[in-house]
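Engineer: Turn these sequences into a full structure, and let the hints steer you where they fit.
Those protein sequences? They're chains D and B, same order as listed. Residue numbers for the first sequence follow our numbering, beginning at 1 and rising by one. Residue numbers for the second sequence follow our numbering, beginning at 1 and rising by one.
Read the hints as simulated data drawn from the structure, not as lab findings. Any given hint could be a false lead.
With a straight-line cut-off of 20 Å between C-alpha atoms, the simulated EDC-like cross-links for lysine to aspartate or glutamate are [stated by the list, open to error]:
1) B:Lys42 with D:Glu44
2) B:Lys79 with B:Glu15
3) D:Lys11 with D:Asp24
4) B:Lys79 with B:Glu56
5) B:Lys45 with D:Glu103
6) B:Lys2 with D:Glu44
7) B:Lys107 with B:Asp39
8) B:Lys42 with D:Asp24
9) B:Lys45 with D:Glu44
10) B:Lys45 with B:Asp57
From the structure, some residues in chain D lie toward chain B, with a derived Cβ separation under 10 Å [as the list claims (entries may be wrong)]:
11) Val4
12) Ala31
13) Tyr33
14) Gln37
15) Gly42
16) Leu43
17) Glu44
18) Tyr48
19) Asp56
20) Gly59
21) Ser95
22) Thr98
23) Arg101
24) Tyr102
25) Arg111
Computed list of chain D residues with no C-beta within reach of chain B, every gap over 10 Å [unchecked claim]:
26) Gly28
27) Gly71
28) Gly72
29) Gln80
30) Thr115
Glycine included, every Cβ here is placed at the ideal spot set by N, Cα and C.
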Amino acid sequence: GAGVSQSPSNKVTEKGKDVELRCDPISGHTALYWYRQSLGQGLEFLIYFQGNSAPDKSGLPSDRFSAERTGGSVSTLTIQRTQQEDSAVYLCASSLATSGRYEQYFGPGTRLTVT
Amino acid sequence: RKEVEQDPGPFNVPEGATVAFNCTYSNSASQSFFWYRQDCRKEPKLLMSVYSSGNEDGRFTAQLNRASQYISLLIRDSKLSDSATYLCVVSNTGKLIFGQGTTLQVKP
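Structural biologist: Shown next, in the form of structure tokens:
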């Protein structure tokens, strides 16, 4: 079956612009996670959704970052007024439920470059 | 101090070698433990879950010591295709906390 898909695969934007990153989870997966991976920082958690609710937003770096999920499916991560330090690969993952017992399947990521 | 610590390596080993990776975690409330594999410029993929009793999957053996908050991965009979970054991962509320990864390069 189809895996997690993300779009765009690459995004180059100018400092100060807003960007929207999209994630399409595996059908039937109720839990959706956003992570980012930057050089020297490793993979870090940003936010997760159970259905359309976001019980844990603790990883969002600043109020310039927001995310939503609609219909228990697609999620968008929005970064306002992008800064150079936002450059990273943004990864989305989904799982059947939020219990750590369930495997998280990752999408291919969106590589964001802020110039 | 990072929540999950790993030796970044790189580990350079010949084909057929046995190699061991270790990691430690700081949150004693962590409930689930995993090893993920990440190839260059690709997304992470689950290699195996780690259980207190230890578990084996082919050439791969994982161990967990909750008292010492220590996780290990042993790879026997290394193959060229094992070259990758191995990520130690813990979870206590579903979200994954990743170590920095250990790079393995298997040479012919």
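Engineer: Taking only the CA atoms, is the gap from Lys79 of chain B to Glu15 of chain B under or equal to 20 Å?
Structural biologist: Holds, at about 5 Å.
Engineer: Would the non-interface assignment of Thr115 of chain D survive a Cβ cutoff of 10 Å against chain B?
Structural biologist: holds (20 Å)
Engineer: Going straight from one Cα to the other, do Lys11 of chain D and Asp24 of chain D come out at no more than 20 Å?
Structural biologist: Roughly 17 Å between the alpha carbons, so the hint for Lys11 of chain D and Asp24 of chain D holds.
Engineer: Under 10 Å is the threshold here; is the Cβ of Ala31 of chain D close enough to any Cβ of chain B for the hint to stand?
Structural biologist: holds (6 Å)
Engineer: When the nearest CB of chain B is found for Gly42 of chain D, is that gap smaller than 10 Å?
Structural biologist: holds (5 Å)
Engineer: Holds or violated: is the Cβ of Ser95 of chain D closer than 10 Å to a Cβ in chain B?
Structural biologist: Interface hint status for Ser95 of chain D: holds (8 Å vs cutoff 10 Å).
Engineer: Taken at face value, is the distance from the CA of Glu44 of chain D to the CA of Lys45 of chain B at most 20 Å?
Structural biologist: holds (15 Å)
Engineer: Measure nothing beyond the straight line between the CA atoms of Lys2 of chain B and Glu44 of chain D; if it is 20 Å or shorter, mark the hint as holding.
Structural biologist: Measuring from Cα to Cα gives roughly 11 Å; hence the hint holds.
Engineer: If you draw a straight line from the CA of Lys79 of chain B to the CA of Glu56 of chain B, is it 20 Å or shorter?
Structural biologist: holds (17 Å)
Engineer: Are Lys45 of chain B and Glu103 of chain D close enough, with their CA atoms no more than 20 Å apart?
Structural biologist: Holds - the C-alpha atoms of Glu103 of chain D and Lys45 of chain B are around 10 Å apart, at most 20 Å.
Engineer: With a cut-off of 10 Å, does the beta carbon of Gln37 of chain D approach a beta carbon of chain B closely enough for the hint to hold?
Structural biologist: holds (9 Å)
Engineer: Please verify whether Lys42 of chain B and Asp24 of chain D have alpha carbons no more than 20 Å apart.
Structural biologist: Cα-Cα ~17 Å, so holds.
Of the numbered hints given earlier, the model fails none.
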